[in-house]
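Trainee: Counting in the numbering used here, the sequence shown runs from 1095 upward without gaps.
The set of hints was computed from the structure by calculation and includes no laboratory data. Among the hints, a few may not be true.
Here are the computed lysine to any residue pairs in the SDA-like style, where the Cα-Cα straight-line distance is at most 20 angstroms [as the list claims (entries may be wrong)]:
#1 K1220 x Q1191
#2 K1220 x I1251
#3 K1401 x H1376
#4 K1337 x D1326
#5 K1209 x S1286
#6 K1207 x N1315
#7 K1220 x V1188
#8 K1230 x K1255
#9 K1237 x Y1258
#10 K1319 x L1228
#11 K1319 x A1227
#12 K1209 x Y1258
#13 K1237 x R1262
#14 K1400 x S1384
#15 K1400 x K1312
#16 K1255 x V1208
#17 K1220 x V1183
#18 K1367 x I1405
#19 K1312 x I1288
#20 K1378 x D1326
#21 K1220 x L1180
#22 K1367 x W1404
#23 K1220 x S1372
#24 K1312 x S1274
#25 K1312 x Q1280
#26 K1255 x L1225
#27 K1378 x L1407
#28 K1319 x V1188
#29 K1237 x L1225
#30 K1319 x I1229
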Amino acid sequence: MTGIRQFLLRHPLLRVFGLILLVASIGGMGVLFLERQAGIRQFNSAWEALWWAIVTMTTVGYGDFTPQAPTGRALAVVIIFAGISLMAVLSGTVASQLVARRLRANQGLMPIKVKDHVIICGWHHKIESLLNALIKAGGDKDKFPIVLINEENEDVIQSLKNQYGYTRIKYIRGEFTRESALRQAQLESARSVIILPTEHATGVASDDRTILASLTVKNMNPRVKLIAYVSDRSAITHVKRAKADEVVLSDNFGSFIVASHVLHPGIPQAADKLLDSSSPHHIKRVPIPSEFVDRPFEDLFLHNRKKHGWITLAVYREEEQANLTDFLASDSSQLDAFIERKMLEAGQDFAEGSHIHVIVNPEPDRPIHKGEGAIVIP
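Let's have the full structure, built from the sequences with the hints guiding it.
Mentor: In structure tokens form, the structure reads like this:
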């Protein structure tokens, strides 16, 4: 009995339904008894009396059964008023449950139901530009949901939801390095995860949480594509050892643009058009038709230029490659450090290797291989 009582206390809707059923049962049996006492057989069975009580309490009133005895009618009046009150309580309980659920969802405290989505962990002042790029790059054909995991102010998240749509932006409030938050975000069914360098109140970003989150994500779902932003170059090796698919140094492009404004005017403006997802000339990748396999790159270049007006910049292929860091010990021993240092001195930056192999401006006679794609400027 204690377990049933606790269950009902946790579920107010069940408590209200139980009370309605109890009043209907007592009222129906009472009217049946009073009618029989008066010698009136208006109700042929207890089920008919219970049916009449439920219909009366819900104010439906079919009129197929009606108490005839004065005492039965007096009890019916009590049942009617009890029904009106209980129905009001039921409506209020349902409304409060829905509102509470909506509030908890807006606060990021409810698990979400999504799949084939992108998870963005952490908070950065450029997150809005990242969302713009993701949504515009996907276009109308690929409207994947985006799940944010962070501990940012609720008003800021609400503003993003209003801007991009409630069905597009989901929110989980919590620490993204914890498995519980990642499970709430349905990591097992995500298409990719982006980890941002969360900025502290001082404006300085720390890469320690990025490394820890990368380890957690890949341990929970080794198949998900993981892109990690880091603010310090020294963290790249550690994030790659955590099995991140791609590591982006957040200040690389900014430094290049600033230097180009000084030394090579015109390059930053061109780069801005090529990388702006709202520009008609932003770089994109396209599949290569099967008829160009084993044919020279020059044929593909001329075909894309003549038929689509595209400039083909590069070809790429995605490959599962073994990285030298996979074979080094996880405890960063002196031998590992020596091997890594010698490789870096030789110009082999294995720590920053990518699973995407890109060949920019291939030779005209280079053959196109099966499984390759093209990177073009429209």
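Trainee: State the violated hints by number, sorted upward, taking the hints as numbered earlier in the document.
Mentor: The structure conflicts with hints 1, 7, 15, 17, 20, 21, 28, although it agrees with all the remaining ones.
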